[in-house]
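So the protein sequences, as listed, match chains E and Z. Note that the working numbering has the first sequence beginning at 1, numbered continuously upward. Note that the working numbering has the second sequence beginning at 1001, numbered continuously upward.
Careful: at least some of the hints might be erroneous.
[What the hints assert, rightly or not] Quick list of in silico lysine to aspartate or glutamate cross-link-like pairs, DMTMM-like style, CA-CA up to 25 Å:
no.: 1; chain 1: Z; residue 1: LYS1165; chain 2: E; residue 2: GLU442
no.: 2; chain 1: E; residue 1: LYS471; chain 2: Z; residue 2: GLU1112
no.: 3; chain 1: Z; residue 1: LYS1165; chain 2: E; residue 2: ASP430
No lab work stands behind these hints, which were simulated from the structure alone. All figures in this text were calculated on a predicted structure; none of them were measured in a lab.
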Amino acid sequence: MSAAEENPLLDEFTRKEYEFGFTTDIDADKLPPGLNEGVIRLISSKKNEPEWMLQWRLDAFRVWQSMKEPDWAHVNYEKPDYQAISYYSAPKSKVPLGSLDEVDPELRATMDKLGISMEEQKRLSGVAVDFVMDSVSVATSFKDKLAELGIIFCSMSEAIQEHPELVRKHIGSVVPVKDNFFSALNSAVFTDGSFCYIPKGAKCPMELSTYFRINEAGTGQFERTLLIAEEGSYVSYLEGCTAPQRDENQLHAAVVELVAKDDAEIKYSTVQNWYPGDAEGKGGVFNFVTKRGICETRAKISWTQVETGSAVTWKYPSCILKGDGSIGEFYSVAVTNNAQQADTGTKMIHLGANTHSTIISKGISAGNSQNSYRGLVQIGPRARNARNFSQCDSLLMTDTSGAHTFPYIETKNPTAHVEHEATTSRIGEDQIFYCLQRGLTEEQAIGLIVNGYAKEVLNKLPMEFAVEARKLLTISLEGSVG
Amino acid sequence: MLKIDNLHAQIGDTEILKGLSLELGAGEVHAIMGPNGSGKSTLASILAGREDYEVTQGSITFDGVDLLELDATERAVAGIFLAFQYPVEIPGVSNINFLRTALNSIREQREEAPLSGKDFLAKVKACAQLVELDGKLRDRSVNEGFSGGEKKRNEVFQMAMLEPKLAVLDETDSGLDIDALRIVAHGVNSMRGADRSFLVITHYQRLLDHIVPDFVHVLAGGRIVHSGGKELALELEEKGYDWIVDAQATEQA
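So that you can see chain E by itself, here it is in the shape it has in the complex (with noise of 0.2 Å):
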């Protein structure tokens, strides 16, 4: 007899839907598939940009062009066709907008379906949202009042028509262009995205946050998101994620670069949960996102991470510590159910001396998947008494699920400090009967232990994440123990 048959609620709840496959039926200015220097040429004129622009992107797509994507991950997907993908899509009703109000009442209805009635979120939390849909920023709250402290929170797009210094000094400094085929192809198409600029000594009062949502069918997203943070300055940005239900797979190909100067701080959370695919791995998101920050002196960045989503993942949010005292941290959770495949994790490169790094990192596996926690602690020459500690836990459900562990570690310095510690364990069958014994509905009892087992990480997130990260933990994972 199957796991399956023998356990009704397993059956039923990997049969669950996706919660938020749903679709906007708003008219969409589309390009039709495909990819060359006039598609290129197009974005760019569709986005008003300056011809620097327009040169940066068509240099990346030639890069991009003699690259080969990178099959070193523990994944195994189709490779996309990039020639029959869209690589533009904006809704049509681009308007100026003053107020929320105005926002198409579709795409608020969207949000509402989202849960970020973003009118609460200003009221009651003090969240500042750029709701990215289908690459084209449709509204920013809050601008105001930040700009009282000249902290600049806009799209890409926005930024490169009204800050173009900042962004032409600062794009590809982090990432640049020809670091991985997918940041070369990013680079070269990528259609919006959030722009962040902390002046000198600011703390930022409220946390910036961005959802994404890819809209359209078989389109592309590719998000360019660029964040500074000048001395001294202070910033914690949210980033969520949500896509519709598609048979076909979507690919996602994000940017991010963060740059923290002399003691600044910059704080940076994710909540993935795009669509999945289905139980027998159709369809969902190809999340292939490059995520990377510069410490200068005495500079920190903390990237907290919860993944529930995506068919495949393949993300490694990593921080270069160049200024001596600086610190990266990186706090994951990493959730894979069904077919689902992740390859994640991070690299920590120690140039600075006393340079600090800590990496938590715990996945858990349940249904067929593969979870893998990638890492590379890197020690330089001139890193005098760097130190690092890892940590990396893995969580099966099933027996048929994968946890594995690529941790790298090269010194280049005799006095570096580097932990590493590692664990794999069960869902224990005692820990879920007790709590059965105790009242729990199985579900709640998952929901509860695995809750337990990613608190540090959990802990990270900003409290009106926190709560988001939780729910969604318990929704990935019901019934899933076999």
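Given the coordinates of chain E, assemble chain Z onto it according to the supplied hints.
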């Protein structure tokens, strides 16, 4: 309130319970004693709804309901509580959060309103006092880093919080020093009442000095082979189990 009739149960191909019959009235305390491997813990697990065991024959009714038709959660909702012999650790989940989730889950399934934060905390305070449970233990992760005695006290604390109709204590005295034993027994004794029954499974008579049972049963070879009053426990302490088990064997032959 609980009636077990001719219960046969096995794990894999090994039959462990071989025709066990037992009846508990409301408000009664029954002790089950017996040699190692006689099926005492199996009985506790089956009552609580553990699925590793297969019941092949016989029946269990609880308040007139066929218990074997209910899953573990439903049994907890119906008022069955098992104090585990080896309480498990749940890292990262605070004792308090765990109990609140449990209590409100039971209330929800009974179609009762959830307990307010204030009422819940008042209840926690009262119940913790009952077993002298340290405030720190209430806030720590469930059983994580608890000593053997603290784990058992925590079980009785949870029992007090959930107010079951039938409490099954599976070797709650194992691993307890005499002080902890007294505390645990005090907790149990203060919960005794006309509408709450206890099934106390133990290996040693000493627990029964503190929790005085109404009836004592000897479980051997998967069946109740002898029953008596509280004085039977003393007799067993003195003479061991062999005389009963042997007599039973002779009788059967």
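Going through the hints against the structure:
1. For the given pair, Z:LYS1165 sits about 22 Å from E:GLU442 by alpha-carbon distance, which is consistent with the 25 Å threshold.
2. Taking the CA atoms of E:LYS471 and Z:GLU1112, the gap is near 24 Å; set against the 25 Å cutoff, the hint holds.
3. For the suggested pair Z:LYS1165 and E:ASP430, the alpha carbons sit about 23 Å apart, so the restraint of at most 25 Å is met.
In the structure shown, no violation is registered for any of the earlier numbered hints.
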